[in-house]
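4 protein chains.
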Amino acid sequence: MLFRTDMADERRDVYRKANNLEEEINGIECETEELQDKIRVTRVKILDENGEQALNKKKGNYITIDVKKITNLSDEKQENIINIISKEIKNLLNLHVKEDEEVLVVGLGNGNLVADALGTKVVDNIEVTRHIKKYCPEYLAEDERAISAITPGVMGLTGIETIEVVKGIVDNIKPKLLIAIDSLASRSIERISKSIQISDTGIVPGGGVGNTQKGLTEESLGIPVIAIGIPTAVETAVIVNDALDIFIGKLQDEARSNEYLNKLKEEDNYNEIKEALIPQNYNLIVTPKEIDELADDMALLVSEGINMSL
Amino acid sequence: MLFRTDMADERRDVYRKANNLEEEINGIECETEELQDKIRVTRVKILDENGEQALNKKKGNYITIDVKKITNLSDEKQENIINIISKEIKNLLNLHVKEDEEVLVVGLGNGNLVADALGTKVVDNIEVTRHIKKYCPEYLAEDERAISAITPGVMGLTGIETIEVVKGIVDNIKPKLLIAIDSLASRSIERISKSIQISDTGIVPGGGVGNTQKGLTEESLGIPVIAIGIPTAVETAVIVNDALDIFIGKLQDEARSNEYLNKLKEEDNYNEIKEALIPQNYNLIVTPKEIDELADDMALLVSEGINMSL
Amino acid sequence: MLFRTDMADERRDVYRKANNLEEEINGIECETEELQDKIRVTRVKILDENGEQALNKKKGNYITIDVKKITNLSDEKQENIINIISKEIKNLLNLHVKEDEEVLVVGLGNGNLVADALGTKVVDNIEVTRHIKKYCPEYLAEDERAISAITPGVMGLTGIETIEVVKGIVDNIKPKLLIAIDSLASRSIERISKSIQISDTGIVPGGGVGNTQKGLTEESLGIPVIAIGIPTAVETAVIVNDALDIFIGKLQDEARSNEYLNKLKEEDNYNEIKEALIPQNYNLIVTPKEIDELADDMALLVSEGINMSL
Amino acid sequence: MLFRTDMADERRDVYRKANNLEEEINGIECETEELQDKIRVTRVKILDENGEQALNKKKGNYITIDVKKITNLSDEKQENIINIISKEIKNLLNLHVKEDEEVLVVGLGNGNLVADALGTKVVDNIEVTRHIKKYCPEYLAEDERAISAITPGVMGLTGIETIEVVKGIVDNIKPKLLIAIDSLASRSIERISKSIQISDTGIVPGGGVGNTQKGLTEESLGIPVIAIGIPTAVETAVIVNDALDIFIGKLQDEARSNEYLNKLKEEDNYNEIKEALIPQNYNLIVTPKEIDELADDMALLVSEGINMSL
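Chains as they are written, first to last, in our numbering: chain E, 269 to 578; chain W, 269 to 578; chain X, 269 to 578; chain F, 269 to 578.
FYI, nobody ran anything at the bench for these hints, they're computed from the structure. Worth double-checking, as some hints may not be accurate.
Repeated chains share a single entry, so a pair holds when one copy, or any two copies, can fit it.
To be verified - Here are the simulated BS3-like cross-link-like pairs (lysine-lysine), alpha carbons at most 25 Å apart as the crow flies: (1) K435 to K402; (2) K482 to K402; (3) K557 to K542; (4) K482 to K435; (5) K358 to K442; (6) K285 to K313.
So that you can see chain E by itself, here it is in the shape it has in the complex (with noise of 0.2 Å):
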């Protein structure tokens, strides 16, 4: 199944939609927070491996924090939102390490690229500590955790893959948890820069389940992941895609649809009109004209939320 999206929440909508499901789909459980300023809080817990299978991500916890606005906040609007995204991040924290445990915050991503920034711009704004508590350990409470960020870059700029980076770093540092934050796809514009998704499963390039090498993952660095990730950009397929859905479904409302139109739609089968719509080896996305900005707000938001969680 196609899901173009990296968020768990999208991927249960997609695959409900798929199989016309009107309950739950079986080893998947979700439920929905709305709080003040029209923050909405979305809980997807896979459970076995059926709901593996089902959303094709690994088991665990998979939490979505929808903001409406994020520019232009108020210093207690901003609180507020920053409050949550903390409170999340602490929660999925204290099921894996104790408060005094070392981690490593790891921003992934291309720093020079607007729409593949996020993590290097969150690594810029947290709070380390782990040279204080080593080198000067008077100057921090004795049961303060040791904090450590990097950025690995990306391996078309450094040659090397970001597990090896990563992968040598924790083997030599030797923290308790990772934290890993990166861009995402989502399938919806409206959570470009105002979506973030926490997880407790790591971060695996492509999201197979199967695909346990590459990732960094448990499996993988041996400790831990946390995964924060943030939507950028919408492929631009999924917006053909769901044109020509919506086009389809207009028809059959009019009853001017006919067999091969509804078939087409079942069968999700556009590729030849996106063939023709978006040249190859092009690596195209939708995003707001404004997105450097968005960013800028999004990471300062999440960058203090991980603050305050550790």
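With chain E's structure known, arrange chains W, X and F on it following the hints.
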């Protein structure tokens, strides 16, 4: 007619297709030249009011240079592109000013947004001479042109319309010609950061013929304006539109369309679908993920082309 | 007299020391206020021609705010500094314009050089309203002030003198007052990026009283000019000079000086040493290694202070 | 001995002057070559423990390339400099690895501070091949070297010592040689961003011979380390010191010195003056105002030199 592109040659295509024209549009001339390294130069000339109304652009010359590849070029290929750009600019310059007359280069757009930064990037690399000519003329050849360059910013950040800033400076320093560089919208993904449109008709934001108030044009500024535009994005609505057109086209080819669909396509009337897909208040664009690097490469070529032509 | 500083209070100190004055300089008033968080406000008032000649600065108010610490401030301390800056600017504003009269903010300097970027950094954060007041007045309170903001660049990059750019825009959009922000030279390393000078006499590059042509002043622009300056560097010659003065001073204290040295110190005449040390054609400055970060912190405080005052 | 410089040839000068040596230092060899375009290459070789102790640097080769002009170079002159840099790096490479053995390039320093950003700027422009050799070897010549490149950041921002990051990655990906690029302190203002030191002894922050723990050296990493350093600043204390030395020197020349001053100069003992001038907790540097642009120009030359040598 909704062109959804700032490129004169694309408007010509759209107009001819919409009107099922085989021959040239009345009031338009067009020629295409294929050069080495797969570089194509298209020259659209709008001759009269009829041409103006057809393309909703002002009378004058519109030259488009399409380059297949702009990254990782050899020095030689890079020089070739710069030479071609320079020659086309020079041709237009010679129509309007003498070799030693003063030119002001203006980089439009918001330098903080990657999809809008091309104007300011180009200006950063312009070799200015006006202050040398004024204060240390002994360092310049006697007939060398005075060149100055500014980035007026965008109204959302300055509170001032671009024309107000530029008119104030033009009235005060009195150059004989303006070169304005701006980011453009194209209908073609393959042209993003790989195409340059050079015209001698000024820049009219929104592109309407009647709308002469706000544009940077000879009417508003009192001096000729050469506009250099580079496509940095395609409107998302264009992608949706084209997808639906291709879709119905395919149904028609396969004799699976019906009267209703045929009419729909004729009318280019997919607004409901676009509204369902694209949230209002969003300024959504389709762009390559690597637009940051493509824009840097393109800005270098264009600025060197301008420097050489001056 | 060579002051080697743009700060009025430092010039007053230099003048009094050079002339062994115990009492106040004729034509000058000065008062100092110590506020909480070790913030000091110094108010130098140049009353007449005598004061002008002593300090080689124009008649008017020069307020300096010194802040001990500007990085990693608590929200509360940050707010305190912003309030103080805002209050001082507001006092000067009220001397020259009404509450609802239009103001243009101008960020001077070269945004690409860290030691010269403060003006442009501050302007990036100014809340402009002029375009809203002009096109959507319903979104502003009726008596709200129109505010605009520009960065005219530097002559080396634009080919145009700053005054030419600013005068053109002022003549065209007709604000009632200008606020100009610039980087300054100080004599004190401790003031780098930690001090703000606010004056209502405009900015005269080079600082001479007679030199009224090129400055941004009421004379040249026709409207009052509030200048906000922040020291970002100390000239290397100042360090050399001060080192030699302290050195001879110490010799004198220890009765190891001689007539020759005493005379040398009197005359402040170390040019040969400076020539031997400092290569010509170099624009050398002494600056903290962390000037990039200090400048960001300071720009935020000043821009918020301006926003609040307007 | 306090050298206040990281450049081996400057240390040699300081040592010889301090010890009034006419002949070469025991355990040191030095030769100088003058090339076209006023480029000078100085080769200091530390032969044994005696040389190590004299210069407080490790045994090995230290080559310094001095370039008079690095901005606005013609293509030809630029190529000439790149060739010279490349040749010197290649000579050292050939002493330690075979033509096809893997190399890791490491850009040290804080990319956010202009005076410390040269390492990261150079790495941004390194052509990496390791991932191609690993995953698409068909795109590389068979004997082409695998090259990778990282920027480990600084401890103040990561919480991790540079050696810990680099050692982790080296142990994991096992290159055969490391090239480390860093900003250096020089004693000469004229060398700022115009000189390159290339050595095969690694980088020992603080430069001590005994201090082998924390440096990036063959001892700590297990592979040879070529260090490429570029001066970006002079310590302010050096300027003060040199000013006082020149001052007393002049007094001596004019027979106006006295025994006390002569002794003072001998002992290089101006600490009180430096303390009075330079506030503690300040990391003050002397640097050209245009260091941002000089650093960009230099980074390009060095990165191209490295690319060509590899």
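Taking the hints in turn, this is what the structure says about them:
no. : hint         : result
1   : K435 to K402 : both (21 Å within a copy, 18 Å between copies)
2   : K482 to K402 : between (31 Å within a copy, 14 Å between copies)
3   : K557 to K542 : both (23 Å within a copy, 17 Å between copies)
4   : K482 to K435 : both (11 Å within a copy, 21 Å between copies)
5   : K358 to K442 : within (21 Å within a copy, 37 Å between copies)
6   : K285 to K313 : within (18 Å within a copy, 52 Å between copies)
The structure shown violates none of the earlier numbered hints.
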